[in-house]
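J.: So the chains spell out like this:
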Amino acid sequence: MSPQPNPSHPKPHSQKEASNEERADSRHFWIRKVVDRFFQILSILAAIVVISPLLLVFVFLLSSGGSSLTWDFLTQLPKPVGETGGGMANAIVGSCILVSLATLVSTPVGVLGGICVCEYGDARLRAAIRFTADVLNGVPSIIWGIVVYSWVVLRMKTFSGLAGGLALSFIMIPLILRTTEDVIRLVPSAYREAGLALGLRRGQVILHIILATARRGVLTGVLLAAARVAGETAPLLFTAFGNRVWAAHLQEPMAALPLQIFTYAISPYPDWHRQAWAGALVLLALVFFMSIVVRALAKGKSQ
Amino acid sequence: MGRKDRLNPFRRKPPSDELPPDAGARAWTSSARIGRILDQGFGFLVVGAGISVLALAALLGWELYQGAKEAIRRYGAGFLVSSHWDPVAGRFGALPFLYGTFVSSALALLLAFPLSVATALSLTEFAPVRLRRPVLALVDLMAAVPSVVWGLWAMFEMVPWLRQTAFPFLQKFFGWLPFFQGTIYGVSLLAGALVIAMMITPIVTSLAIEILQSVPLTLREAAWALGATRWEVMRVAVLPYVRSSLVGAGVLGLGRALGETMAVTMVIGNRPEILLSLFAPGYTLASVLVNEFAEVTSEEHLSALFEIGLTLVAVTFVVNFLARLLIRSVPFFFAPRPLRTQSMETNG
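Residue numbers (my numbering), protein chains in the order written: chain L, 1 to 303; chain Z, 1001 to 1348.
Just chain Z, same shape as in the assembly:
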C-alpha cells in the first residue's frame, strides 16, 4: 500500500484503514492472486521442462556409466587398444570396432563432402532456377528415408552389384593398391561407407546450402561488378568467406556418420577384424550393439557392450563439438529446420 500511495500524486493523505473495503476490489485482488500463483506455477513448469533436458543427459550418462563400470574397472585403457573381441572366451577389445567406425565414416565423408558442396553450389548458383526447388525437395526427402530402408536396398541391390560389377572392376585396375585386395564378399567396409555416404549427403548438402546463403549479397555483387564469371564469383568471393563453416558442415556429417547404425549393420559384414583392404568385412561400434546386445553371453559381455556405447557417445560428442566450433553462422548440429522459407531469394 505504502509504495503505491507515494507514487500517486493526487493523494496527499494516507488512506485511513477504517474505510470499508470495497467488495469489488477485494474480488479483484483475490483473482489477481490466483492469477499470480497460476503464472508462477506455469513458470515452474516451463523451467522444469527445461531442466528435464539436463536430467535426460544425466540419465544417459549415468545409465551408461553404471552399465560400463565393471568393464572399465576390469579392462581399463586396454579396452580401447586391444583388438581381440571374443565374448565366448571373455576377451573384450574394442579396437576393431573403433577402426571400422572411423574408416567407414571417414571414407563416407570423403565421398559425400565434395558431392554435397558441389550440389549445394549448383542449387544456389549454377542450376536453372526452375529446377532448384524440386531438387531441393528431393534432397530433403532423401534425408527422411529411414536407415532401415537404405539398408534393405543396399543389402538386396547395392551389395550384389558391388560384388559382381564394381569391386571386380576396381580390383582389376587398382588391385595393386592394398585397399583393393583380397577376397570379394560384397559386404565390406566400402559397402558400409557407400551407404553412410548416401545417408549423410542430404544433411551436409542442406547445411552447405544454408551456409552459402549466409554469404552477404554485397560480396557477390562486388565480384560480379569486377566482371567475374559465376565460377569466379564462387572462387573469389563466396567460398573463402564460408570455408571454415563448410568444413564444419563436413565434420557435422562425420558426427552423423559415426552414429549410423542399421543400414551399416546390414552391409558391413560384421566381422571384428582389422584388415587394410576395403573389400574385407568390418564392424562398427553401433552395429556390434545391434548384433550382440540382445544375446549377451555373460555379465562382462554386457558391461563391455555398455562401454562400447559409452565410447560411441564420447566419440560423437567430440566430433560434434568440433563441428560446433567451426560453424558459427548456422544452427548447430542437425536440428530439423521447419522454416526453409527465405531459401532462394539471395541469388536469382
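Bound conformation, chain L alone:
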C-alpha cells in the first residue's frame, strides 16, 4: 500500500490510497483494542481464580464448622477418646500462652537487632546480620521444631510449653528484625542529627527519637510476626507436643490450637473432624483479627 509511483497505474490515486490506509489503520487499531481487552479480561479472571480458594475455605469452614462452634467448644476440655462433645478450651488458652511467650522473648531481641542493623556495629557485621536474618526467614518452620527438640526437649527430657514458645520465638526474631529495620530506615536522618546536635547520647536518640517515631511500625511488625506464628503447627509438633488437659506450668506439654486441629483432622473419628473444623474457624478468626489490626495500624501510619 505504499504510495510509490507505479507505471502500470498511471493515473494518480493519492486520494483513494489514503482512505485505504486509514481503513487499514483503523482496523489495526480495532485489533489492538481487542487484544488489550482480551488481556484485561484474562488478568481479571486470574485475580478471581486466585482469591476463590480463600472464599471456598471460608464457606467450607462456616458451613461445616459453624454448627460445632458452641459455648461448650470454647470452654470445655477435650473428652476422652470415644466420647463425643467436649471442646478445645485448653488449646485456645495454650495457643495464647505460647504466642505471648514467643512475643515476649522475641520482641526485645528482634527490635534491638533491627536497631543494631541500622545504627550500630560496623558495615560488615550489619551485612552479616541482615543476611543471616534473611536466611533464617527462609528456613521452613518444621526445622525450628527439630532444632528446639534436640536443643531443649532432649535436655529437659520432656516436651514443654517452654520449648514450644522458644521454637515460635526463633521464627519471630528474624521477622521482627527485618521489619524493625525497614521502619527505622524510614526515619529521616535529620531527626537523628537534630538529637545528636542537642547533645543526646546515641542510646537516647534511639530510644527517645527513633523508636518513638517508628513506634507504630515496630508494633505492626511484632503483631504481624505474632499473627504468623499463631497459625504455625510444624514447630510445635515436637516441642509443645499437645496436651488433652490443662498444662499446670510451662515445663509440661502444652496444647495449641493448630496442633489440636491437625491431630483431630488426621484422626478417624467424625466427631473430631467436626471439632477440627470449628477449631479452624476459631484459629482463622484469631489470625484474621490480628491481620486486620495490623492493616489498620499500617494505614494509620500513612495518614
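Worth flagging that the hints you see were computed from the coordinates, not collected in a lab.
To spell it out: a stretch of chain Z is covered by chain L in this simulated footprint if at least three of its residues, at any positions, have a beta carbon under 8 Å from a beta carbon of chain L; those stretches are: (1) 1115–1126; (2) 1147–1157; (3) 1261–1267; (4) 1312–1318.
Pairs of lysine to any residue residues, derived as SDA-like cross-links and limited to a Cα-Cα distance of at most 25 Å, are as follows: (5) K157/L - Y1065/Z; (6) K1069/Z - R155/L; (7) K299/L - R215/L; (8) K157/L - K1069/Z; (9) K33/L - L1226/Z; (10) K1172/Z - V1103/Z; (11) K79/L - A89/L; (12) K1069/Z - M156/L; (13) K157/L - E1300/Z; (14) K299/L - E1210/Z; (15) K299/L - L1138/Z; (16) K33/L - P1114/Z; (17) K157/L - H1301/Z; (18) K33/L - V1129/Z; (19) K33/L - R1235/Z; (20) K157/L - E1299/Z; (21) K157/L - V105/L.
Ideal Cβ positions, reconstructed from N, Cα and C, are used throughout, including at glycine.
Given the coordinates of chain L, work out where chain Z should sit on it, guided by the hints.
T.: Positioned in the frame of chain L, the structure of chain Z alone reads:
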C-alpha cells in the same frame, strides 16, 4: 582538660589546679559518666541482640549437624541418591522425598506463577481502581491463612472433589500422558501441588505487585505517549523492565513451596515411592519429618531424619539465594511488609 583549653579562644592561661572544684560541675561530670556508661551498656545490648541472630543461625546449623553426623558418616552421598526408605529394615535413602518435594513445588510454581503475575497486573493496571484495594486486602488475608487450615479444607473438600470429578476428567482426556495414569486415590502429588500453589500465590502476587510498582512512571508515560494501549504499555515498557525481578519473585515462591509442611502432609499421600504419575501418592522432605520424627524406631532413623532436615535447609537456602540474586529492587525473602502505604498512586 588540655584539649578543651586549647580549643577555648578566650582562655589564655591554663587553669590552675588549685582552684576549688565547683560542686555543681562535679555533679554534672559524674552524672555524665553514668550516662556514658548506660549508653555504652545500651550499645552492647543492641550489638548483642544483633549477634544473637548469628548465634541462632549457628545453633540451627550445629544442632542439625550434630543430629545428622551419624547418618552422614554412615551413608555418605548415597543418602541422597538411594530411593529405599525403610526404617524397619534400617535402609535410609532420601531420593523419594527430594523427588516429591521438587515435583510438587515445581508444579505448584508452574500453576501459581502465571496466575500471580496476571493478578498483579490486574491489580496494578487493569482492574477498576475501586476494586483494587478490596482484592488486595483479600490477597493479604489469604497469605495469613494458616497452613493447617488449608490442609483441613483440602483434606475434606478438595481431595474428594479431585477424586470424584477432576482426576477422572483429566484421565479421560489426557490419560495417554504418563502423568495422568494409574489408580486414582485423591491424595497425590498433584493434590499437594495444588495446595502449595494456593499457599504461595498470595506471596508471589504481593511481591509481583511491589515489583510492578517499582517501574518508573516515565517509562509508562513514554509508552502511553506513543499511543500504546494498556496491554502494549505492559508488554513494551513494564514487563521487560522487571523481567528478572519477576522471575526472582517466582523463585522466592519456590523457596516457600519447598518448605510448606502441614497442608502438604495432609494431602500428598505420604508414600515414599518415585512414580511418574501425578495421581500417585508422594512424600516430601518436610512431611516425612512430621510423620516420623515423633515415632523414631532407632538411633539411625533419628539421625537420618536430621539429615533430611539438613537437606531441606540446604535446598531452601540455595533457592532463596538464587531469588535474592534475581531480585534487586524488592525486600529480600518474604519479610512481612507492615507499610504497604504508597500502593496505588503510581497508576490511577
